[in-house]
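*Asks:* These are the residues of each chain, in order.
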Amino acid sequence: MFIVCIAACPTGVAHTFMAAEALEVKGKALGLEVKVETQGSMGADNIITAEDLARADAAILAADVAVNDLERFADIPKIECSVADPIKHGDALFEALIKEFN
Amino acid sequence: MLDFQFICPLVNGIHARPATEIEQRAAKFEAQITIINQSKDSKANAKSVLSMIGADILLNDQCQFVFQGADEQQAYTFFKSFVENELADIDGPVETAAADTMQDLPLFLEKAQPQFLRGKAASSGIGRGKPVIIGKIDLHSVAEQYPAADSSENSKVINSAVLKTTAALEHEIEHADTDAKAVLDAHLAIIKDTQLQDTISKHIDAFNAPAVIALAGDEICQTLEGSSSSYLRERALDIRDIANRIVENIVGEKISSDLNLTQGSVLISEGLLTPSQLLALPKEMIKGLVMGDGGDTSHTVILARSFNIPTLTGVEQAVQLCSAAQEVIVDARAGVLIADANEMTNKYYQLEAVKQAKIEIRLAKFKSAAVSTSDQVELNISANIVTSNEILSSLEAGADGIGLFRTEMLFCERAVPPTEEEQFEHYKFVVENAAGKKAVIRTLDIGGDKPCEYMGLPEEENPFLGYRAIRMYPEYEDIIKTQFRALVRAGEFGEVSIMVPMISNLDEIKWIRNMLDVVTAEICADSNKTVKVSLGIMVEVPSTLYLLEKASSYIDFVSIGSNDLTQYFLACDRGNKNIANLYNHLDPSFLRLVRDIIANADQAGLRVSLCGEMASDPTAQPLLIGAGLRNFSMSASLIGKSKEQLCALNVSDCQALLAEAIDADNPAQVTALVEKFTAADQQMPIMCKSLIFTKQAVSSKEEAIKRLTDNLEAELRIPVAGNVEKAIWDREAVFSTALGFSVAIPHCKSEHVSQNSVSVMTLDKGIDWGNDTSIELVIMLTVSKDDSDDTHMKIFSKIARKLMHEDFRSSLIDSDNPESILHTLQETIAA
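Just so you know, the protein sequences line up as chains A and B, in that order. Residue 34 in the numbering used here sits at position 34 of the first sequence, with consecutive numbering throughout. Residue 198 in the numbering used here sits at position 198 of the second sequence, with consecutive numbering throughout.
Treat the hints with care, as some may be off.
Here are a few chain A residues that face chain B, going by a calculated C-beta distance under 7 Å [said to hold, decoys possible]:
1. 14
2. 41
3. 42
Stretches of chain A that chain B covers, calculated by requiring three or more beta carbons in the stretch to come under 8 Å of a beta carbon on chain B [claimed, not checked]:
4. 21-30
5. 79-92
Source of the hints: derived by calculation from the structure; they are not laboratory data. Quick reminder that beta carbons are idealized off the backbone N, C-alpha and C, glycines included.
Given the sequences, and given the hints that come with them, work out the whole structure.
*Replies:* Put into structure tokens, the structure is as follows:
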């Protein structure tokens, strides 16, 4: 299963990257392929491409600010949550995702 | 017996004014009328204002009216209707002082919620001590000045004095306007109050009549001062007022008391304290000064500055706030007066003191050394003083000399001008202690704004453009000649530099040259002495720009008085709030004027210095270096900091900056240019040992954030800790930065950050970071707003990512060694 994710927080200094790390680490532990695009204060990094989207099974949008290029995710199943959720409840988040879309 | 219940509807409770209203109505009935305050378990006689005030009846207190006696039914009906229909509206709103919008209260203090008032900081620093109300008369010491008397004598004298006071009040009420009348009515009610009379009778055996009143006043005030309502506590002033008036009528003269300060005290005055009042008190006991009145330039304020007494002006209602307080804090940095600080407020001042101590240590090395710019151009940083003995503290503070000794204090507040001998002693003291360093003494700068009775100067509509300083010297030649003689005689003990204010044309310069030559000849002929004297002028009238070349035949130096030069050049009264925006020494045209003055002075071979506030303004300093200024003179307390700032500057960079600033459209653009210039200064490493603290005892989230931001200020990474502290809290308000795992990462991206930094603090035990999250590790990231470079952001993001790993977190939490934490962080970044 391939999950694409966005992490974005108000200041774009800290939580964006903590969330990204949490998503990557948890996903890997669950045997999932995860790609996280960070939308931080220095702009977007590790950008999710059209190719990624074509083969993605689901998306997690962990953001407390407006996500850039949100329309990219229009056609795939997704979970939208706070940037704090992957950090605080990473396991529960993936559990819900798997239950919903697998 | 009849009774009914009611809830107090008055915002300020039943204080003197509503109590008076109730008392007047109750007096019409025979029945005994009692108000029981069930919320406070107290009761009051409704026919006694003082009794009602003492019952401490506040908004929403549950109360009961009780009526007993012949006409109790009528009284019950009357008061039932009164409470239902009138009581809520009998008290007008109590006016509160408009909040000072100039500066926000420091965030930590705001959270501490002290009892406070705002004021304008007139002399910086923080002091605390026992509040001493100036003008508040100690009746006990007044009583001691009069002979003893027995109780029947006391009773007779007091009765007559009370009658006189009552009559006087009634007379005043007839002539008073509405607001004053309400207060006087309340005073009249107090004096007629049975409780006052009863209390007086109780103490009638005291030493003498004034002592009786003193004791009675104290007893009543004690009840009021114990009230939980600040408004009622303030009413104690009314009682003291009345007691004073009665005593004045007893002794038949105005009473005053000599203040005897026996411990660290804060002086509180409703109006303006006079300079002589301040001078009469032991300076070492004065920890602060608070005045309801008084501008920045009043002599009292100038004196307070010279004695380093933290001072606030424009504090309304300070007497009310402080009269019942045990201790007050005068914070002239935040512009706040605090009564009886609570625990968190004390914590704030404790943390502030720690920060100041760190900054002092940093500045210490600049105080003892002569300084030069980074490209080795020597600078002279001198002090401005107003009294001769200030030279000692100035030299200690690192002054390279005296750039301006204002001599007006020697002349004002006295009946006759100082003698030559008296002046000579002061000038000699300064010159001797300067010990070869430059000592510039300014001759009398006086006009219609600074009253000197013996000179009989007319009051003028526009004293700053009028008959002042050099312009009146010819008329008062005797006084001026005496001053010149004293100055020249001091020249025997070291070089004295005489500076004359308000020069606007060459004839004035010739006049003072001639005066100096005549006086010098007289003195040297008298005694075969040799004196070392140089002559200079203040540059404060714009016309002097074009005088300097010719002037150089007569004088040796000039000093730019930037405060007056700004107001004369830009034609704006610096005391007028409506045009305060115009009065700005960063105005591009003004910068150009200063540059040209310095250039002309250099060309004419005149030493040039600057002694206005501009000299210590960190924004103006690089511009002044760029303009060629090398001699600065300022308040001694600013010398250390200024030396530190000036040392870091480079002349050619500053010249380029000045050229840009002169080209700017307005002061705001100039400020922005200087900020950019300063920020471009050498970058500090994002992490360093001085930003890491391990196993700290911290009591709250507030404390952790304040300590870390304060440390950034002490380490020169941010200019003002409070601004960054606020930015951090603004971010916390979005959602807490503690997301479990015992770690909080407060952070901000702010224009108030000049150097990107990672601060770390581990705690000896967990603290609550909000939402019941316990924290043992705080990593604070402070990022500059206009940080265009991704390098630091990448470092922050790496650290943030790493925090999701437990081994990393515990290696930080468990460490008690800043060095090893720094090492761990650096490894993380390198990975």
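*Asks:* Does each hint fit the structure? Answer for all of them.
*Replies:* Hint-by-hint comparison with the structure:
no., hint, verdict
1, 14, "holds, 5 Å"
2, 41, "holds, 6 Å"
3, 42, "holds, 4 Å"
4, 21-30, "holds (count 3)"
5, 79-92, "holds (count 4)"
When the structure is compared with the earlier hints, no violation turns up for any of them.
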